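Chemist: Protein chains in written order, with my numbering: chain Y, 468 to 775; chain D, 7 to 357; chain P, 65 to 402.
Quick caveat, the hints were computed from the structure, so don't treat them as lab data. Please note that a few of the clues may not be correct.
Here's a subset of chain Y near chain D, in silico, CB distances under 8 Å, partners left out [said to hold, decoys possible]:
| id | residue |
| --- | --- |
| 1 | 604 |
| 2 | 606 |
| 3 | 607 |
| 4 | 612 |
| 5 | 619 |
| 6 | 713 |
To list a few chain D residues with every Cβ distance to chain Y over 12 Å, as calculated [what the hints assert, rightly or not]:
| id | residue |
| --- | --- |
| 7 | 39 |
| 8 | 108 |
| 9 | 199 |
| 10 | 344 |
Note that this is a predicted model, so its numbers are computed, not measured. The beta carbon of each residue, even a glycine, is placed where N, CA and C say it ideally should be.
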Amino acid sequence: MPHLLGFLAKRLFWMAATLWVVFTVSFFLMRSIPGGPYSNERNLPPEIERKFMEKFGLDKPLAEQYFEHLSRTLRGDLGPSFKLADYGVNRVLAEGLPKSAALGSLALVFALVLGLVAGLVSAVRRGGWLDHGLMVLATVGIALPNFVIAAVLILIFVITWPVLPAAGWGGARNLLLPAFCLGAPFAAYIARLTRTGMLEVLGQDYIRTARAKGLSEARVLLVHALKGGLLPVVSFLGPAVAGILTGSLVIEKIFFIPGIGTHFVQSALNRDYTLAMGCVLLYTALVYLMNLLVDVCYTVLDPRVRLD
Amino acid sequence: MEGRGPEELERLLEEARKVRGNSLWKDAMRRFRRHGAARFALRFLLALSFLCLFTPLLPFAPPARVRLSEQFQPPKAVFVRHGWSRGDYPGASGLTGRMLDLRERIFGDLEFGPWMGTDSKGRCLMSRILWGGRVSLMVGLVATLVSLIVGVVYGALSGFLGGFWDDLMMRIVDVLYAVPFIFVVIFLITVIRENQEVLEATFGLTRMGVFFLVIGLVYWLTMARVVRGQVLSLKNREFIEAARVLGASTPRILFRHLVPNVVSVVLVYLTLTIPRVMLFEAFLSFLGLGVEAPDVSWGMLAADGLGAVNPVRVYWWFVLFPSLALGATLLALNFVGDGLRDALDPRLRER
Amino acid sequence: MKKAPLSPERSPVLEVDGLEVDFETGDGRVRAVRGLSYRLGPGETLGVVGESGSGKSVTHLAMLGLLPDTAEVRAERLRFQGNDLPPAGSEALRRLRGRGIGMIFQDPMTSLNPFLTLGTQIAEMARIHLGLRGAALRETVVAALAEVGIPNPELRIEQYPHEFSGGMRQRAMIAMMLVAEPALLFADEPTTALDVTVQAQILGLLASLQERRGMSIVLITHDLGVVAGFAHRILVMYAGRVVEEAPTPALFANPSHPYTRGLLRSIPRLDEEREELEPIPGQPPDLLALPEGCPFAPRCPSVRELCLREEPGLRSLEDGHALACHVDLEPFDHEERS
């Protein structure tokens with residue numbers, strides 16, 4: 468247990484350091500813009516612009532701004548949004564996060580279920596037509612961008628054969644198509660990883676031992692082979708979550724889902740720097756925490772690996 | 007190594023160069039040719055590149071010419087009509103401009119009609135896809151090249167210096183790996199766009215140039231690791247030792263002996279990076295953060311097509327063709343990458 | 065050495081007649097076992113000796129249906145405790161594995177599942193074959209580990225294979241395979257990966273377990289020295305066939321096949337002052353391209369012209385001694401070894 472606590476402390480320290488670097492770089496990039504964040508709205512009357520500057524503290528010296536902003540961020544307040552009047556960045560993110568989280572989790576579930584089943588079937592039916600078919604499908608899934616998959620599926624399931632709603636945020640039915648499109652490339656990766664992982668494990672001596680013990684083929688596969696065969700998939704989960712967060716920017720845009728992805732893209736297009744920075748910090752923290760979780764899971768699965 | 011004369015060492019070096027030079031590549035070529043899908047994909051890519059390269063010579067409508075009267079025309083085989091003029095390509099100069107001049111001399115003002123239909127502003131979709139292909143392929147190549155240069159130099163240096171510097175440099179790579187770069191890059195692009203005039207004035211970087219750089223700088227991490235690993239394993243081989251004994255200087259060993267030996271691994275990784283870079287470009291352009299009008303790219307066209315989807319009227323060509331162009335190209339690049347990997351590194355295949 | 069030959073009247077535990085195993089490989093069809101026959105009595109220990117590729121492991125994996133799908137197994141007769149062995153892949157054969165016939169393997173590091181605790185790996189045996197649950201199950205597992213001489217079994221069942229030493233791992237493997245009390249144990253090179261002192265301990269453990277339970281053992285090894293003090297009878301295999309078979313004392317007193325003599329000469333002995341061992345010259349045969357005639361002929365010091373034309377069949381000498389060789393060698397000169 469103290470081992471685990473030490474590990475967590477170390478990793479959380481690195482996460483804080485990374486977040487601080489991201490914060491600092493973003494802050495100075497933001498302030499390096501000539502004329503400030505309202506440069507594209509120069510037609511504002513000067514006194515209004517001055518008021519804005521005062522409101523956001525842009526009239527103070529740079530160092531003072533930095534420390535003020537940093538201490539406020541440390542208290543968990545990401546500040547007001549530059550463009551959405553009367554909205555704090557915290558509130559925007561708090562409203563968007565549950566929607567993005569629902570979409571992302573469902574996508575991850577799709578990716579895991581489809582990927583694992585396809586990979587297992589492929590490994591067991593090695594060399595058969597099912598194996599070849601699934602692996603070609605996996606290559607297609609890895610190669611195609613998710614918006615191309617979305618385009619094809621919208622043409623099929625929304626336009627030609629209207630069984631699913633096209634867009635918007637509502638019930639679970641609204642989430643099915645976007646979550647599938649978001650999860651598909653990762654399902655393809657997971658299928659490949661599962662197949663190679665399982666094939667490698669099935670050739671191991673201890674699988675022969677398990678058979679010699681008289682265990683059923685299902686037990687050999689699911690109890691003895693699966694754990695080792697899934698280790699590559701587990702290490703892939705960290706990058707997969709990062710990828711799903713990235714992909715959600717596009718998917719939320721296509722399906723008009725008002726999650727943080729949409730807000731992030733909008734903030735980047737509108738030059739809403741505080742909101743964009745809040746999103747970057749949130750994404751960095753999420754990716755870091757997921758990787759941490761994956762590392763802990765890995766050690767639980769593989770007794771030979773120790774946390775360091 | 008002591009006790010060997012310089013002649014023998016020289017011979018050893020020559021041998022090492024020859025062994026890698028001949029049989030490896032010949033074997034790889036043979037294996038690659040047996041890989042049916044990869045061979046087909048390579049032909050497809052060559053044909054596509056050729057087509058995109060010479061697009062300005064082809065008699066299609068100008069990609070940016072808006073004709074609201076011809077909105078959302080379905081694909082049709084209108085063969086000949088007259089209409090385009092050199093003025094429809096305001097920005098074209100250099101080689102592209104000269105190709106356009108040549109086209110004017112060959113075909114006059116002839117143009118072939120919207121074989122793939124038209125978009126929401128009545129622009130010829132096929133022409134836009136071809137011109138977009140020029141941009142998308144260019145981004146893929148140039149940005150990958152940027153990542154290649156940074157990654158190879160960094161990785162080779164790290165592996166070759168070893169010890170403290172190696173530890174430090176790889177530690178930096180580890181930290182950078184943990185940062186979700188794509189979000190930072192989007193933020194970066196937002197800021198850079200604002201500073202575009204300044205950048206262009208001080209560094210002579212065009213918008214496209216910045217774009218190449220930024221994308222390329224995302225993808226060098228893995229390349230650096232791969233190259234470092236190769237260098238470390240090659241560093242202690244006999245022929246490198248021989249070069250050292252002969253008194254070759256560090257940069258000379260690095261570039262004359264190590265780099266050629268790393269080429270096969272780099273080549274494999276390179277072909278697998280190109281589709282990822284193109285995917286990233288399409289992703290950014292799709293979000294409206296990448297290539298900007300009047301330039302066209304496939305990601306942008308796909309976004310246009312999806313934006314026009316509505317349940318009342320179906321403009322299937324507007325969605326399908328850009329997606330097909332991008333999808334087929336990325337698939338082909340992946341097949342070539344896989345084929346090349348199997349051909350150059352048979353050990354990887356068994357995994 | 066103290067083992068007396070067992071009475072032959074009792075009905076055999078295992079009867080093998082004309083066993084053949086083929087493999088489909090990328091380079092062609094390989095016959096790994098070519099017409100193997102033997103009989104094993106209750107409580108008897110048979111040593112099967114040969115180089116790698118002689119077919120000694122393949123034979124026994126084949127009987128248990130543990131070969132990959134590329135293998136094809138045929139036999140005139142294959143009976144266990146008087147009944148035909150079920151075919152490979154069948155549910156009946158699966159149930160027989162572990163319960164009727166157990167098998168332990170060479171390298172206990174790779175042969176035990178690194179992801180499961182030893183307790184789990186032993187318990188699933190007892191659960192499946194003996195139907196034990198709960199406290200009784202735990203008791204059985206702890207008792208099994210204690211029986212093979214693993215200290216602190218209550219603690220050890222929570223540990224993973226990598227937390228055990230090599231010898232302890234092999235003990236655990238034996239405990240696992242014997243938990244369902246099989247009547248027959250195939251031990252495939254069980255001591256090869258271990259230190260010499262640990263080897264002796266493991267063999268001693270196997271012998272005492274055998275005595276207590278009265279089970280039969282087939283000990284598969286490349287080392288005649290390992291079977292010398294352990295087996296009642298020895299089968300020497302070469303290129304997929306039996307070349308010599310004899311009760312252990314008879315085989316060591318008068319080894320009759322040139323290959324057996326070669327094997328004997330390559331055993332180090334502590335009681336003799338010998339500077340060098342004599343390895344058998346040449347390479348084991350390529351099963352894809354077996355020569356005409358006797359497969360050992362290319363390496364044989366006593367080769368005759370006949371040996372190159374005709375493969376010798378197995379013929380009986382006196383007292384259960386059988387030999388597949390055209391040549392009648394001079395009686396083995398034990399002094400010649402020094």
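Chemist: Could you work out which earlier hints the structure fails to respect and list their numbers in ascending sequence?
Modeler: Violated: hints 1, 9 and 10.
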